[in-house]
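**Q** Sequence:
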Amino acid sequence: MDLFTAIEARRAIKHYSSNETVSEADFERIMQAVLLSPTSYNIQHWRFVRVTDPQQRSRIQEAAWGQTQITEAAELIILCADTQAWSDDPQRYWANTNAEVQSVMLPMLQAFYEGKGQLQRDEALRSSGMAAQTLMLAAKALGYDTCPMIGFDSEQVARIINLPAGHLISMIITLGKADRPANPRAGQLPLEEVLLENSY
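Heads up: the sequence shown runs through residues 1 to 200, numbered per UniProt numbering.
For the record, the hints were derived by calculation from the structure and aren't laboratory data.
Possibly wrong hints are sitting among the right ones.
Derived pair list, reagent style SDA-like, types lysine to any residue, alpha-carbon separation capped at 20 Å [as the list claims (entries may be wrong)]:
| no. | residue 1 | residue 2 |
| --- | --- | --- |
| 1 | 14 | 39 |
| 2 | 14 | 178 |
| 3 | 116 | 90 |
| 4 | 14 | 57 |
| 5 | 177 | 37 |
| 6 | 177 | 54 |
| 7 | 177 | 40 |
| 8 | 177 | 141 |
| 9 | 177 | 31 |
| 10 | 116 | 57 |
| 11 | 116 | 87 |
| 12 | 14 | 58 |
| 13 | 177 | 116 |
| 14 | 14 | 153 |
| 15 | 177 | 27 |
| 16 | 177 | 6 |
| 17 | 116 | 84 |
| 18 | 177 | 71 |
| 19 | 14 | 84 |
| 20 | 177 | 84 |
| 21 | 116 | 88 |
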C-alpha cells in the first residue's frame, strides 16, 4: 500500500477479530520503521511495552474502563516516553558521527534541556507522537489496523507495567485486524480553515 493510501485508509479501530494475529516478521518490520521516526537531537525518547500476557491485558482493560479493543486486538503496545533521555548516556545518540560533531552536540544538548522540566516533558511527548504515527501508518501499509488510545487511567496502567520514574505514558496503541470497519469520518475541517499563511 502506498503512503497516501495508507494515510487515507488509517482509522481508529475499536473492534478487532480475535482470530487474527500479527506475524512476528510484520511486527518486527513495523517496529523497525518506528525507530526511524524523527526526534530532537536524535534522543529517541520512546519506549514501547508490548503486552502479551492475557492477565495483564485484562488488568489494563479494567484501567481503560472496559474498552474491548485492549483484549481483542492481536497486539497491545503502551507507548511510553523517557523525559530524561536527554541526560542518559547522550554520547550514544551520535555514536556514528566524528568527535568534532560530538564535541558540539553534547554541550548543546545539555544547555538546551537542563533544568527545563516542561521542555523535557514536551519534547518526549512530541517524539512519541511522531513514533505513534509512524507505527500506525506502517501497520496500515502492511494491511493491519490500529487505534491510538488515551482513554485509560494512566497512573493505574503505570503501576501495572512498573513504569520507571522519569517516564510517562503517551498513549496505548492496539494493533490487529478489524472485525468491523470504523464509522464514517465524523467531519474534517476544510483546509482553508486550518492552513494560515505568514501569521494567524
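**Q** Which earlier hints can't be squared with this structure?
**A** 1, 5, 7, 10, 13, 19 and 20
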